[in-house]
Amino acid sequence: MDILSQLWSLLGLLTVLQNILPAQVLSVLHSLIESLQDLISQYSYFDIPEFNGYCGVDINDLYRHVNLYLNSVNSSAAASTCRRFSLSRSRSSNCISFTIAPNHTIHDSFNGHSLCWTHQVDTVQDSLEEKRSFTLKLPKRHRHMLLSPYLQHVTSRAEEFERVSRERRLFTNNGNASYESGWVSVPFRHPSTFETLALEPQLKRQLMEDLKAFASGREYYHRVGRAWKRGYLLYGPPGSGKSSLIAAMANYLCYDVYDLELTKVTDNSDLRALLIQTSNRSIIVIEDIDCSLDLTADRMLKATTATATRRKRSSSSGYNKDPGSGNYQLLEESGRVTLSGLLNFTDGLWSCCGEERIIVFTTNHRDKVDPALVRCGRMDVHVSLGPCGMHAFKALAMNYLGIERHSLFDVVESCIRSGGALTPAQIGEILLRNRGSNADLAMTEVVSAMQARILSAGGTEHLNTSIEYEDTVTLTRSPQSVLTVGSSPENWDSSPGKISGKKRKAKFLVRLRSLTKSGSGRTGV
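Residue numbers (mature numbering (1 follows the signal peptide of the UniProt record, and there is no 0)): -22 to -1, 1 to 503.
Think of the hints as simulated: they come from the structure by calculation, not from any bench.
Where hints are given, some of them may not hold.
What follows is a list of derived Cβ distance ranges for each label pair [to be verified]: (1) Ser143 with Cys354: 32 to 38 Å; (2) Phe24 with Pro165: 34 to 40 Å; (3) Cys330 with Thr77: 35 to 41 Å; (4) His168 with Pro27: 21 to 27 Å; (5) Arg141 with Pro27: 36 to 42 Å; (6) Asn416 with Val162: 26 to 32 Å.
Bear in mind that the values here come from a model prediction, so they are computed numbers and not experimental data.
Just so it is clear, CB atoms sit at the ideal spot from N, CA and C, and this is done for glycine as well.
Start from the sequences, fold in the hints, and give me the full structure.
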């Protein structure tokens, strides 16, 4: 009781002194007490305020990283040391955010040392505003050895967590690139992933390894002096899965997608403005590049005009060398997007205004794309997407029907080898139509569609299109899809092991009917 009475007396004395002594004296006493505590304490304390500077205008990026880092460890053992969290969720996101409740502490460990984070929230006097900060507590003896590596660990972990957990957006240009923002966006929630994608295993593995190497190659690109970007050319017949592959790439890397509609872009200046407004960690897509603008005809027209002008000798200047080839052309006319502007967009000085960007071109006809657009350095990886191979068909059957094997798989494989392969979109539509019925009916309809393709007239446009894409594939890979790194346009038509679709069909017509009948007999259809 004597001790309690003495404590109450001391508290009363402190209260009286606080009311009597001037504020300056109290501030000095408070500083002396804190200095004494720092001298005796075995720990060092570091404050990380929410805003930089005295006025508190600029947001402290380190505060944001600490908040993200602590959010990322909420499910670990460290989070069990905190008694209270604040939960929140934005209207446009399905993710729940965890934040340490005001004036609570969470423990962490790094390199065998114990550290603490405290979320300080103080109310500003005579104001409704709050002053927020994080206080880091670490051993004083090891602070010089721990502080810098630990903060680097916090930053890298926070950036990775932000990349994975943030809501991805799908952007399209609105035709107002000269204003503050030339893009409008919606949440990107495309369900396509590499697990559900109908691709041959080797091609899928190559793509995932290439994307992973790019996303983790920041130091490498800086060391070799190249802009941190990569180009992909996706080509193949309609329905071969080009758009689904782009969505799978975005979901795999957790990137935003910018769908650039060239017909809405006024001129080269607007094109550069749109590029500047894109964010890092994004995929810029130009679909049907051969149809968006007649760039190849533009090059041929300007080359012809330049030749005629030189012959007339009416002018001694006004020529500009095309950066993608050795042809000379007249200076770019204003008021439209030109080939030169698009080349500079993909590989010029303005292409390095951001980091970690992927540029994707898609086309149904690769030979119609200007070679300057798809050379190495602009389109680094060329991906041929054709009709389904057997592995891709099995993936579709598993996705749509939930089956791993079927008696008609042998018939399907024979049809594919004989040129009766269908695109993923065609097969997907057949399987989707029959999702509520028996798997045998769906498989029978697929086989019938493949038979109809094989038995169709050999000179039809539809058949020639499939042979055109199959002829570019080597025998060492799947006969339906291929990935080429560093491909040159002059090598497009020189691939070894070309396959003759007409000869395969002629050899198979007789055997097809017997296989189909035997397969139908086994299934009872």
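Against the structure, the hints:
1. Ser143 with Cys354: 32 to 38 Å: With Cβ atoms ~35 Å apart, the hint holds.
2. Phe24 with Pro165: 34 to 40 Å: holds, 37 Å
3. Cys330 with Thr77: 35 to 41 Å: holds, 37 Å
4. His168 with Pro27: 21 to 27 Å: violated, 40 Å
5. Arg141 with Pro27: 36 to 42 Å: Given about 25 Å between the Cβ atoms, the range is violated.
6. Asn416 with Val162: 26 to 32 Å: The hint (26 to 32 Å, Cβ to Cβ) is violated, given that Asn416 and Val162 are roughly 45 Å apart.
The structure fails hints 4, 5 and 6 (numbered hints given earlier, in ascending order).
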